[in-house]
Amino acid sequence: MLTPTSLPGVPTVTPIPSPTPRTPPMPIPTPVTPLIESYIVQAGDTLGGISLAYDIPLDELMALNGIDVDSAIIQVGQTLHVPLKVSRSGPLVTLLPDSEVVYSPAYVEFDTAAFIKSQGGYLANYSEMVNGVEIDAAQIVDRVARQFSVGPRVLLALLEYYGGWVTNLHPTDPSPLGPACPYGDRLFLQLSWAANRVNKGYYGYKQNGSIAVQFRDRSRAIVPPQMNAGTVGAQNVLAVNSNWELWLTEVKADGPFMQTYRRLFGDPFAKAVEPLVPIDLSQPPLQLPWEKGRTFYFTGGPHAAYGSGSAWAALDFGPPDVLGSCYYSTVPLTAVAGGQIFLGSKGETYLDLDADGNLQTGWVLLYLHMVADDALTQGQIVQAGHPLGYASCEGGISDSSHLHLARRYNGEWMAADGPAPMLLSGWRAKNGLAQYEGTLIKGGEVKEACECWDEEMNALIAE
Numbered sequence: 001m002l003t004p005t006s007l008p009g010v011p012t013v014t015p016i017p018s019p020t021p022r023t024p025p026m027p028i029p030t031p032v033t034p035l036i037e038s039y040i041v042q043a044g045d046t047l048g049g050i051s052l053a054y055d056i057p058l059d060e061l062m063a064l065n066g067i068d069v070d071s072a073i074i075q076v077g078q079t080l081h082v083p084l085k086v087s088r089s090g091p092l093v094t095l096l097p098d099s100e101v102v103y104s105p106a107y108v109e110f111d112t113a114a115f116i117k118s119q120g121g122y123l124a125n126y127s128e129m130v131n132g133v134e135i136d137a138a139q140i141v142d143r144v145a146r147q148f149s150v151g152p153r154v155l156l157a158l159l160e161y162y163g164g165w166v167t168n169l170h171p172t173d174p175s176p177l178g179p180a181c182p183y184g185d186r187l188f189l190q191l192s193w194a195a196n197r198v199n200k201g202y203y204g205y206k207q208n209g210s211i212a213v214q215f216r217d218r219s220r221a222i223v224p225p226q227m228n229a230g231t232v233g234a235q236n237v238l239a240v241n242s243n244w245e246l247w248l249t250e251v252k253a254d255g256p257f258m259q260t261y262r263r264l265f266g267d268p269f270a271k272a273v274e275p276l277v278p279i280d281l282s283q284p285p286l287q288l289p290w291e292k293g294r295t296f297y298f299t300g301g302p303h304a305a306y307g308s309g310s311a312w313a314a315l316d317f318g319p320p321d322v323l324g325s326c327y328y329s330t331v332p333l334t335a336v337a338g339g340q341i342f343l344g345s346k347g348e349t350y351l352d353l354d355a356d357g358n359l360q361t362g363w364v365l366l367y368l369h370m371v372a373d374d375a376l377t378q379g380q381i382v383q384a385g386h387p388l389g390y391a392s393c394e395g396g397i398s399d400s401s402h403l404h405l406a407r408r409y410n411g412e413w414m415a416a417d418g419p420a421p422m423l424l425s426g427w428r429a430k431n432g433l434a435q436y437e438g439t440l441i442k443g444g445e446v447k448e449a450c451e452c453w454d455e456e457m458n459a460l461i462a463e
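Take 1 as the starting number for the sequence shown in our numbering and just add one per residue.
Honestly, I wouldn't trust all of these hints.
To be verified - Label-pair restraints from in silico Cβ distances:
#	residue 1	residue 2	range
1	N125	P179	22 to 32 Å
2	I74	R294	49 to 59 Å
3	D321	N125	17 to 27 Å
4	E463	A72	17 to 27 Å
5	P29	G49	45 to 55 Å
6	Q259	V69	39 to 49 Å
7	I461	Y54	38 to 48 Å
8	K346	A43	33 to 43 Å
9	V108	D68	51 to 61 Å
10	S118	M457	51 to 61 Å
11	D217	D321	46 to 56 Å
Claimed, not checked - Straight-line Cα separation of at most 25 Å, SDA-like style, residue types lysine to any residue; simulated pairs:
#	residue 1	residue 2
12	K252	S87
13	K85	L248
14	K271	S87
15	K292	A253
16	K346	G293
17	K447	P332
18	K85	A434
19	K430	V41
20	K430	I381
21	K447	A462
22	K447	I461
23	K292	K117
24	K85	A114
25	K85	K117
26	K346	K430
27	K85	M129
28	K85	F269
29	K346	T361
30	K117	M129
31	K292	K252
32	K85	K271
33	K430	K252
34	K117	E274
35	K252	K346
Hints were generated in silico from the structure; no laboratory data involved.
Keep in mind that this is a model prediction, so the values were computed, not measured.
Every residue gets a Cβ at the ideal spot worked out from N, C-alpha and C, and that includes glycine.
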């Protein structure tokens, strides 16, 4: 845990406290009928072919997606909404609390390295190269947990369940997360894949009130309403290595996966934080993340915070001096509020608003693709407006320098257009029809997300 420190000449920040949780929790929406899923248009697709594949009349498909009858044009990469027709429904069961599945306050005291060492298995002596640096298994687990905001006990339980890597010194399977994982024996990539699958179930259920899990044979089953999102996250990652019959056994409260979990960690509900996100949660005041008088451009509306499976919690902002390339910007990005700095890997910086040194608690802002300023130090306390770094392409996949800004509360990624919407200097985020589309609205003024520099459409001046 980082201890807040004061720097000479820098005033201490008044931490933004985490609200005292009250019941009930933030509600999960009532699922729509039929369940809708997204389909990304591929090269060679036609509306007629898609309507046949999903067994939906062509006119209904067009109406559902607002496609004009006269033009009927679709483009590669376009997102279409299609009804999902699934007859099988999974069991109504509770496996894990939400706070066990996300990187929540339940993990503040958990020491991944000490736990792995105590088990004496293959992980205890494992290391691999990640982005040119050799790191051990505990560092890999903690890094994936932090970046995807998924509980490290969940990741370790999956490694033990499929591969025995936690307790077995000589496991026979070089792929510790099951046959469906496409990343061979690279632990960092495998855990990232698993964390993304967990998030896809967790946040898909949070957003829609129901999801369809997909099995290894590509058949599906609906997860019923009235579940908790943490259980659905676990069910979603278990499904990908299973068929329907095996999965029904795995997702029982006393099934083999939960037996593995309890053997390693005991009762997961003993550490539960409930509610994880209270129904009356509101965002503290945040300002635009650049200096007053400067202009940046709103280049990406609400989209996934980390990986493809998390909530649409992120917005993108392009600097005024770099467009369409990965040169580092020279225009500084700044703190949206006072807080404490946590420096992750290159291009990954966090601003902890309650300044308690724990990324698992309270409001935390992720600054992704930002190269931290050389003067910024681990654990530093900063005030709103303090320079933090510069937009770049570091820290993930990007083809143009920008800032990817996302929020989480108690470890849960908070949708930018959710019950506690993202507000930056009074600009409120609104979803578009697809990820990266959308608007920022302030009074009667509207800015539209665009990968462009357009003074009318997407320019934002910090005031």
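Hints, verified against the model:
1. N125 <-> P179: 22 to 32 Å: 25 Å, holds
2. I74 <-> R294: 49 to 59 Å: Since the Cβ atoms of I74 and R294 sit about 39 Å apart, the hinted range of 49 to 59 Å is violated.
3. D321 <-> N125: 17 to 27 Å: Since the Cβ atoms of D321 and N125 sit about 47 Å apart, the hinted range of 17 to 27 Å is violated.
4. E463 <-> A72: 17 to 27 Å: Violated, at about 44 Å.
5. P29 <-> G49: 45 to 55 Å: 31 Å, violated
6. Q259 <-> V69: 39 to 49 Å: 56 Å, violated
7. I461 <-> Y54: 38 to 48 Å: This hint holds: roughly 45 Å between Cβ atoms.
8. K346 <-> A43: 33 to 43 Å: Holds, since K346 and A43 (Cβ atoms, about 34 Å apart) stay within the stated range.
9. V108 <-> D68: 51 to 61 Å: Given a distance of about 53 Å, which is inside 51 to 61 Å, the answer is holds.
10. S118 <-> M457: 51 to 61 Å: 56 Å, holds
11. D217 <-> D321: 46 to 56 Å: Cβ of D217 to Cβ of D321: about 51 Å, so the range 46 to 56 Å holds.
12. K252 <-> S87: 20 Å, holds
13. K85 <-> L248: 20 Å, holds
14. K271 <-> S87: 36 Å, violated
15. K292 <-> A253: 54 Å, violated
16. K346 <-> G293: 28 Å, violated
17. K447 <-> P332: 22 Å, holds
18. K85 <-> A434: 22 Å, holds
19. K430 <-> V41: 24 Å, holds
20. K430 <-> I381: Cα-Cα ~31 Å, so violated.
21. K447 <-> A462: 14 Å, holds
22. K447 <-> I461: 11 Å, holds
23. K292 <-> K117: 49 Å, violated
24. K85 <-> A114: Distance ~47 Å between K85 and A114 Cα, so the pair is violated.
25. K85 <-> K117: It is violated: about 47 Å lies between the C-alpha atoms, which goes past 25 Å.
26. K346 <-> K430: 30 Å, violated
27. K85 <-> M129: Status violated; Cα separation ~43 Å.
28. K85 <-> F269: Violated, at about 34 Å.
29. K346 <-> T361: Holds, because 23 Å separates the two Cα atoms, which is no more than 25 Å.
30. K117 <-> M129: 20 Å, holds
31. K292 <-> K252: The hint is violated at about 55 Å.
32. K85 <-> K271: 38 Å, violated
33. K430 <-> K252: With Cα atoms ~38 Å apart, K430 and K252 exceed 25 Å; violated.
34. K117 <-> E274: 30 Å, violated
35. K252 <-> K346: Violated - the C-alpha atoms of K346 and K252 are around 41 Å apart, more than 25 Å.
Figure legend: structure checked against the earlier numbered hints; hints not met, in rising order: 2, 3, 4, 5, 6, 14, 15, 16, 20, 23, 24, 25, 26, 27, 28, 31, 32, 33, 34 and 35.
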